[in-house]
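S.K.: Those sequence lines, one after another, are chains E and B. Residues in the first sequence are numbered consecutively from 1, following our numbering. Residues in the second sequence are numbered consecutively from 1001, following our numbering.
By construction, these hints were calculated from the structure, which means they are not laboratory data. Check the hints yourself; a few may be wrong.
Residues on chain E that point at chain B, a partial pick, calculated with CB under 10 Å [as the list claims (entries may be wrong)]: (1) I62; (2) P116; (3) A126; (4) D201; (5) N278; (6) R281; (7) T283; (8) H394.
Built from N, CA and C at the ideal position, the CB exists for glycine as well.
Residue strings, one per chain:
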Amino acid sequence: MSTRRIETNYLARVEGEGAMRVRLRGDEVEEVELRIFEPPRFFEALLRGRALGEAPDITARICGICPVAYQTSACQAMEDALGIEVEGPLRALRRLIYCGEWVESHCLHLYMLHAPDFLGYESGIAMARDHREVVERGLRAKKAGNRLIEVVGGRAVHPVNVRVGGFYKAPERRDLEALREELERCRSEALETVRWTAGLDFPDLERDYELVALCSEVEDEYPIDRGRIVSSKGIDVAPAGFDATFEERQVPHSTALHARVRERGAYLCGPLARFELNRERLTPLAAEAAAEAGIGQGCRNPFRSIVVRAVEVLYAFDEALRLIDAYEPPDAPAVEWEPRAAVGHGVSEAPRGLLYHRYEIDAGGEIVSARIVPPTSQNQGSIEEDLREFVAAHTSLPDAELRDRCEQTIRNYDPCISCSTHFLDLTVERR
Amino acid sequence: MAAGKDKPKLAVWKFASCDGCQLSLLDLEDELLTLAEEIEIAYFLEASRATVEGPYDLSLVEGSVTTAADAERIQEVRRASRRLVTIGACATAGGIQALRNFADVGEFVSTVYASPSYISTLEESTPISANVPVDFELHGCPVDRYQLLEVVAATLAERRPAIPAYSVCVECKRRGNVCVTVAHGTPCLGPVTQAGCGALCPSCDRGCYGCFGPMESPNTESLSAWMRGLGAETPDLIRAYRNFNANAPAFRAAGERAEGAPQ
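Using the sequences provided together with the hints, build the complete structure.
M.R.: The structure is reproduced here in structure tokens:
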């Protein structure tokens, strides 16, 4: 029986360096690999001996696309260790800057990286030649997200205003008010985006994932910046329970560590999981848009994650406007703290899913050990299972088309290989 | 700029990095589509599957060299590029991952990975300029997107980019910021750090943390004395210099001097 190889040696339109390999014998899928050859940067090692207050700035450098996620999880892990609580307007600002990141990251992926798969273009820029208005709408939304990060955080990539305990300087009401008009415009356009994505053509694939996401302790609040870790199969733990619940293991067919639910298996985090576990917590506007887009009763097709991202963009604009309406500047830009020897855990919902940080600090405020588990390394198992199922059901496709669809299957996750690499075992393999 | 078949070819390459500097190109939301009409984006994997063979008129290189494979790859990139410009702290100084240069990399590997034998990595993270000749270095962690646009435009127009080499202090004066060191006693790397960010940190009531790397002729010795006067101790000084541009020669030397100073 003949062996077919479907390969992409350098995945495009993902963040970071990866490759894909599928091997078929006849109609049987023999091997599926998402290979990672991004060079490791050893963040967990280089954080040791640094001052605890440096963690948000240093870990931001893990990823230029989702630095706010790293800053937020790092701050919250440190605050947990220090025994301080960041509430009221400071927490609102933290959520607000995170809304900006969801918009910026989701719009980059949705318009520039993922939509070209559905419409048959090599890039978002090529797509703009025929769909200029659509791409311009996406860039406008992305810009508004970046602007929000800049106003709260000082800079869109690696914000400078975030610190353990809060911020260096809290924005004035008028700074945020000045964003309102553009945010309102983008919110209306985000509604159009949801409708537009709903009209795309989706390959069939329904998966029975164990979905893992945060669940906010605030009633009716969609999870962004914090919460308990919950799953569709009954997990419900505080951030400190992460290690007891999940493990990273080596699997025979891959050199990459895969996160699993202990004694159970692969799981899915990210937009689809957040949406499935929290969709009754969306704002009425976002919930209606989801219903109109045909996912109001749920969505287990990973190709439809583009619709879920569009719904989350709409939600993020809606939530940002609500936070701006309610904003009263804090008395102080940060909660003061004194170092103490302790261990702290922090979680937040990065655009791509759950991001866990754990730090041990000493009495002088130096980091003794660090552990960071980013969403893409958690999703690796599910990415490969998706590929396996998709290929098994579509073996009749010609190689080139099958390869394109496999790439699309990987892009459903908006994988961030730059993030995940520091935490994966890998071998360098270049053609 | 030239039109049709004569459009200059742009390539964007990634080495060890966070993607943030090449993202800055995509963050030029108002200019991106116009830029794409003026130049041919011939190789930019983060944005496009379509790739065009070299040679390229301009290569933008993000990231530092940390593996033997990448040390070879940068040679190929150089050979294929008429002009090569490095963007960001990783590419111009080795980045935050150059903290390994001050430690035992084998121990770093075994701290992070369960099976260290799988990991192929060099002992040092080096800037691109330590590996191949570079035509221009654009500082920043991340780079400023408008400076990036200026560098692309200037390089393709065969002129020197208008990128100031003075310190962040000049930008603070220009913005009318109150000096955080003078007024609040906050340690600040602004006097020795190259401008380009727009004095972001002092504008947030925070001392500059040097993410644009050393300015042209930084007086780190004087700054270190000032910082000690403000209460900074040796470990604080070392951390201040050993950050995103730890391996930039001036900051490297300043950190080593702080380390060797009497306690």
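S.K.: Does each hint fit the structure? Answer for all of them.
M.R.: Hint check:
Here the hint on I62 (chain E) is kept, as its CB sits about 6 Å from the closest CB of chain B, short of 10 Å. With a least beta-carbon distance of about 8 Å to chain B, the hint placing P116 (chain E) at the interface is held under the 10 Å criterion. For A126 (chain E), the shortest C-beta to C-beta distance to chain B is roughly 7 Å, which falls under 10 Å, so the interface hint holds. For the restraint placing D201 (chain E) at the interface with chain B, the shortest Cβ-Cβ distance is roughly 19 Å, beyond the 10 Å limit, so the hint is violated.
Against a cut-off of 10 Å between C-beta atoms, the interface hint on N278 (chain E) is violated, since the closest Cβ of chain B lies about 28 Å away. At about 30 Å, the closest approach between the beta carbon of R281 (chain E) and any beta carbon in chain B exceeds 10 Å, and the interface hint on this residue is violated. Look at T283 (chain E): its Cβ only gets to about 26 Å from chain B, farther than 10 Å, so that hint breaks. Against a cut-off of 10 Å between C-beta atoms, the interface hint on H394 (chain E) is violated, since the closest Cβ of chain B lies about 20 Å away.
The structure fails hints 4, 5, 6, 7, 8 (numbered hints given earlier, in ascending order).
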